[in-house]
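Peer 1: If you want the building blocks of each chain, they are given just below.
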Amino acid sequence: MNVSPEGALDKNMKVLVVDDFSTMRRIVKNLLRDLGFTNIQEADDGSTALPMLQGGDFDFVVTDWNMPGMQGIDLLKAIRADASLAHIPVLLITAEAKKEQIIMAAQAGVNGYIVKPFTAGTLRTKLDKIFERLG
Amino acid sequence: MNIAMVGRVSLEQAKSLVEFLETDQQDKADALIAEIQNPINSELFAEIGKLTRQLHDSLNNFQLDSRLNDLATADIPDAKERLNYVITRTEEAANKTMDVVESVFPVVDNLAERVRGVNPSWTKLMNNEIDLPEFKGLCVDIDALLIATGKETQHIHSLMTDVLMAQDFQDLTGQVIRKVIDLVREVEDSLINMLTAFGLSAEKPQENASPKVGDNLVEGPIVNKENRDDVVEDQDDVDDLLSSLGF
Numbered sequence: 019m020n021v022s023p024e025g026a027l028d029k030n031m032k033v034l035v036v037d038d039f040s041t042m043r044r045i046v047k048n049l050l051r052d053l054g055f056t057n058i059q060e061a062d063d064g065s066t067a068l069p070m071l072q073g074g075d076f077d078f079v080v081t082d083w084n085m086p087g088m089q090g091i092d093l094l095k096a097i098r099a100d101a102s103l104a105h106i107p108v109l110l111i112t113a114e115a116k117k118e119q120i121i122m123a124a125q126a127g128v129n130g131y132i133v134k135p136f137t138a139g140t141l142r143t144k145l146d147k148i149f150e151r152l153g
Numbered sequence: 002m003n004i005a006m007v008g009r010v011s012l013e014q015a016k017s018l019v020e021f022l023e024t025d026q027q028d029k030a031d032a033l034i035a036e037i038q039n040p041i042n043s044e045l046f047a048e049i050g051k052l053t054r055q056l057h058d059s060l061n062n063f064q065l066d067s068r069l070n071d072l073a074t075a076d077i078p079d080a081k082e083r084l085n086y087v088i089t090r091t092e093e094a095a096n097k098t099m100d101v102v103e104s105v106f107p108v109v110d111n112l113a114e115r116v117r118g119v120n121p122s123w124t125k126l127m128n129n130e131i132d133l134p135e136f137k138g139l140c141v142d143i144d145a146l147l148i149a150t151g152k153e154t155q156h157i158h159s160l161m162t163d164v165l166m167a168q169d170f171q172d173l174t175g176q177v178i179r180k181v182i183d184l185v186r187e188v189e190d191s192l193i194n195m196l197t198a199f200g201l202s203a204e205k206p207q208e209n210a211s212p213k214v215g216d217n218l219v220e221g222p223i224v225n226k227e228n229r230d231d232v233v234e235d236q237d238d239v240d241d242l243l244s245s246l247g248f
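Top to bottom, those sequences are chains A and B. Position in the first sequence counted from 1, then plus 18, gives you this note's numbering. Position in the second sequence counted from 1, then plus 1, gives you this note's numbering.
Any given hint might turn out to be false.
[Said to hold, decoys possible] Partner residues aside, some chain B positions facing chain A, computed with beta carbon under 10 Å:
id, residue
1, GLU92
2, VAL102
3, ILE143
4, ASP144
5, LEU147
6, ALA149
7, LEU218
8, GLU220
9, PRO222
10, GLU227
11, ARG229
12, GLY247
[What the hints assert, rightly or not] Taking lysine-lysine and the DSS-like style, the derived pairs with C-alpha atoms no more than 27 Å apart in a straight line are:
id, chain 1, residue 1, chain 2, residue 2
13, A, LYS117, B, LYS97
14, A, LYS147, A, LYS95
15, B, LYS97, A, LYS134
16, A, LYS134, B, LYS51
17, A, LYS117, B, LYS226
18, B, LYS213, A, LYS134
Note that these hints are calculated values from the structure, not bench results. Treat the numbers as computed from the prediction; the structure is a model and nothing was measured. Ideal placement from N, C-alpha and C gives every residue a C-beta, glycine not left out.
Given the sequences, and given the hints that come with them, work out the whole structure.
Peer 2: As structure tokens, then:
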């Protein structure tokens, strides 16, 4: 993905931001908006996010790991297990920092892993990488 | 009583028995016979009696320690309220700050846009290439820009003061959290006392004792990274780990 304003990236791609803390959703939304994304929706955990994903044509998911209800890792697994959603890139932004968990996420098919606390620069780099790989 | 003897009855016991009978002490003689018949049981009963008394005393001591009761019924509920207060105050502060930031973004973008607008004419002026009508137009634009900039910077300044004041949560939440830490320490002491009273050693922690983790190893932010080798230090570590796995 080219996130520069003149890039070829579709800035209207539909993004779902999943986090149980509204402040973190707000931060991520602001950063994404700064990168040019305009079509952003929110959910406060996996079990809210999954029906939204199944009901709407989302192009990208940014999710926390540790949430009450359905955790981000389980949301990721559910997305990969659903043929109609499996193609959607998923970026984890989480405070979970155990090596075992990072491996778990990689094996579950995560497209990017950002550990909190993170910077706007990190988010930008990871987005570039994810969409560059997807071509 | 000597239960280590080889036979069922010792010479000493037999002599005492004869003595009790000869001196008309029938009850003592009966007791001795009972003891000879059931030496282990009487030892056991004595031991159980001792333990019962100890348990009774221990339980009484716990009831007497009214601090435990206060901890469970007053201090801990109070601590929960205090921690909720921390969540509320930090959330308020974060939202107040983001309110300001979100309101400043478009103002700054707008000023930058207007500066870009006058830039071509301004460059001509600086290069002595401007004609009179354009110069007049530039003056009008610059005048408007100066007025707008003056007004907006003043506005932004007062908003920045709001951001500054939103940081006052640190002092308040710091005090609250410190108090909760004191409580946790007190509960820890009480638990250790209880373990000791019941004869469990709190001195030697279990070999690989570690705090409980949730489903999928969920633990939240790692606060003691430097003491652990099962966690990543930062984003670079994450990236290295993933690329070492071929991701």
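Peer 1: Verify the interface restraint on ILE143/B: the C-beta must sit less than 10 Å from at least one C-beta of chain A.
Peer 2: Hint violated; ILE143/B Cβ to chain A Cβ min 27 Å, cut 10 Å.
Peer 1: Take the shortest C-beta to C-beta distance between GLU227/B and chain A; is it under 10 Å?
Peer 2: violated (13 Å)
Peer 1: Have a go at the LEU147/B hint: is there a Cβ in chain A nearer than 10 Å to its own Cβ?
Peer 2: Since the shortest Cβ distance to chain A is 28 Å, the answer is violated.
Peer 1: With a cut-off of 10 Å, does the beta carbon of VAL102/B approach a beta carbon of chain A closely enough for the hint to hold?
Peer 2: holds (7 Å)
Peer 1: Hold the hint about PRO222/B up to the distance rule: shortest CB distance to chain A must be less than 10 Å.
Peer 2: holds (4 Å)
Peer 1: Is the shortest C-beta separation between ARG229/B and chain A less than 10 Å?
Peer 2: Interface hint status for ARG229/B: holds (9 Å vs cutoff 10 Å).
Peer 1: Restraint: LEU218/B near chain A, CB-CB cut 10 Å. Satisfied or not?
Peer 2: holds (5 Å)
Peer 1: Close enough to count: is the Cβ of ALA149/B nearer than 10 Å to one in chain A?
Peer 2: violated (23 Å)
Peer 1: When the nearest CB of chain A is found for ASP144/B, is that gap smaller than 10 Å?
Peer 2: Cβ of ASP144/B sits 30 Å from chain A, so the hint is violated.
Peer 1: At a threshold of 10 Å, is the proposed contact between GLU92/B and chain A supported by beta-carbon distances?
Peer 2: Holds, about 6 Å.
Peer 1: Does the alpha-carbon distance linking LYS147/A and LYS95/A stay inside the 27 Å limit?
Peer 2: Measuring from Cα to Cα gives roughly 21 Å; hence the hint holds.
Peer 1: Are the Cα atoms of LYS97/B and LYS134/A separated by 27 Å or less?
Peer 2: Holds, at about 21 Å.
Going through the hint list in order, the structure does not satisfy hints 3, 4, 5, 6, 10, 13, 16.
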